[in-house]
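Enquirer: One-letter residues, chain by chain:
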Amino acid sequence: MSKKVYVTRVQKDAAKMLVNRSAVTGRFVSSNVRKIANAQPTGASKAESHHRTTVEKKK
Amino acid sequence: MTQLPTWAVYAVALGTPTSAFVGVLVSNVLTRRGAKELELRSKREEVLRNLRWAAELAVSDDEGKASLGLAELQALADSDLLEAGQKSFIDAALEAVIRDPKEELEEAGEDAQAVQLGDETGLNDEADSVVSSEGDARDEGSDHV
Numbered sequence: 001m002s003k004k005v006y007v008t009r010v011q012k013d014a015a016k017m018l019v020n021r022s023a024v025t026g027r028f029v030s031s032n033v034r035k036i037a038n039a040q041p042t043g044a045s046k047a048e049s050h051h052r053t054t055v056e057k058k059k
Numbered sequence: 060m061t062q063l064p065t066w067a068v069y070a071v072a073l074g075t076p077t078s079a080f081v082g083v084l085v086s087n088v089l090t091r092r093g094a095k096e097l098e099l100r101s102k103r104e105e106v107l108r109n110l111r112w113a114a115e116l117a118v119s120d121d122e123g124k125a126s127l128g129l130a131e132l133q134a135l136a137d138s139d140l141l142e143a144g145q146k147s148f149i150d151a152a153l154e155a156v157i158r159d160p161k162e163e164l165e166e167a168g169e170d171a172q173a174v175q176l177g178d179e180t181g182l183n184d185e186a187d188s189v190v191s192s193e194g195d196a197r198d199e200g201s202d203h204v
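From first to last, the protein sequence lines stand for chains S and U. Quick note: the first sequence uses our numbering, first residue 1, plus one each step. Quick note: the second sequence uses our numbering, first residue 60, plus one each step.
Do not take every clue at face value.
Claimed, not checked - To give an idea of the interface, some chain U residues facing chain S are shown, with a C-beta separation under 7 Å as derived from the structure: (1) Gly82; (2) Leu84; (3) Val85; (4) Asn87; (5) Ala94; (6) Glu96; (7) Ala125; (8) Glu163; (9) Ala167; (10) Ala171; (11) Gln172.
Said to hold, decoys possible - If you want a taste of the chain U side facing chain S, the calculated C-beta under 7 Å gives, among others: (12) Gln62; (13) Leu164; (14) Leu176.
To be verified - Pair by pair, the computed Cβ-Cβ distance ranges are: (15) Lys4(S) / Glu115(U): 28 to 36 Å; (16) Phe80(U) / Ser22(S): 25 to 33 Å; (17) Lys4(S) / Arg100(U): 26 to 34 Å; (18) Asp139(U) / Ser2(S): 42 to 50 Å; (19) Arg34(S) / Arg92(U): 45 to 53 Å; (20) Ser31(S) / Leu89(U): 50 to 58 Å; (21) Tyr6(S) / Lys102(U): 17 to 25 Å.
Just so you know, these hints were derived from the structure itself, not from any lab. Note that this is a predicted model, so its numbers are computed, not measured. No residue lacks a Cβ here, since even glycine has one placed at the ideal position from N, Cα and C.
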């Protein structure tokens, strides 16, 4: 089973900023930073996640 | 009595005030340019102070302060006051924020996955409610922003 690394919302937001900035600056961002940026909330199940995505698409 | 040629009389009569005017104009332009440079330098100093403050906030253990720091860093990244070289300080601050989980992920290997902890402060809930109320206001055709 893969190990889970827990990140806070702030750390996730910081990783997102780094990923977004890399698109502008062209700076390399490691896969681990992308993992942090795409971290799923602990409370959100797959069904919830799918529901949210579907709702966002509809909007 | 000394007599001047006509052209010399005209030159003195018109040239003196004209050259005085041009001198004052050049002096004002130079003074204004100096003032602008001083203002720009003051702004840059203030922006760098803000950058340092934002970076310190971003690595704070308090989630509220850290969020404020991130928002400040984002604002500084979007502003034109920082040069490209200075914006690398923003990346350095962001790297510092995610250093611990990044190292853990590196140690855990490729299979490791990142999971976001629940928001204990309830800030996410507030943010969600703000977004939904804005959406409702828009739907109702309200002028509130």
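Enquirer: Does each hint hold? Answer for all of them.
Expert: Now the hints, each set against the structure:
{"no.": "1", "hint": "Gly82", "result": "violated, 47 Å"}
{"no.": "2", "hint": "Leu84", "result": "violated, 42 Å"}
{"no.": "3", "hint": "Val85", "result": "violated, 42 Å"}
{"no.": "4", "hint": "Asn87", "result": "violated, 40 Å"}
{"no.": "5", "hint": "Ala94", "result": "violated, 33 Å"}
{"no.": "6", "hint": "Glu96", "result": "violated, 28 Å"}
{"no.": "7", "hint": "Ala125", "result": "holds, 4 Å"}
{"no.": "8", "hint": "Glu163", "result": "holds, 5 Å"}
{"no.": "9", "hint": "Ala167", "result": "holds, 4 Å"}
{"no.": "10", "hint": "Ala171", "result": "holds, 5 Å"}
{"no.": "11", "hint": "Gln172", "result": "holds, 5 Å"}
{"no.": "12", "hint": "Gln62", "result": "violated, 75 Å"}
{"no.": "13", "hint": "Leu164", "result": "holds, 4 Å"}
{"no.": "14", "hint": "Leu176", "result": "holds, 5 Å"}
{"no.": "15", "hint": "Lys4(S) / Glu115(U): 28 to 36 Å", "result": "holds, 30 Å"}
{"no.": "16", "hint": "Phe80(U) / Ser22(S): 25 to 33 Å", "result": "violated, 55 Å"}
{"no.": "17", "hint": "Lys4(S) / Arg100(U): 26 to 34 Å", "result": "violated, 49 Å"}
{"no.": "18", "hint": "Asp139(U) / Ser2(S): 42 to 50 Å", "result": "holds, 43 Å"}
{"no.": "19", "hint": "Arg34(S) / Arg92(U): 45 to 53 Å", "result": "holds, 47 Å"}
{"no.": "20", "hint": "Ser31(S) / Leu89(U): 50 to 58 Å", "result": "holds, 55 Å"}
{"no.": "21", "hint": "Tyr6(S) / Lys102(U): 17 to 25 Å", "result": "violated, 40 Å"}
Violated hints, in rising order: 1, 2, 3, 4, 5, 6, 12, 16, 17 and 21; the structure is consistent with all others.
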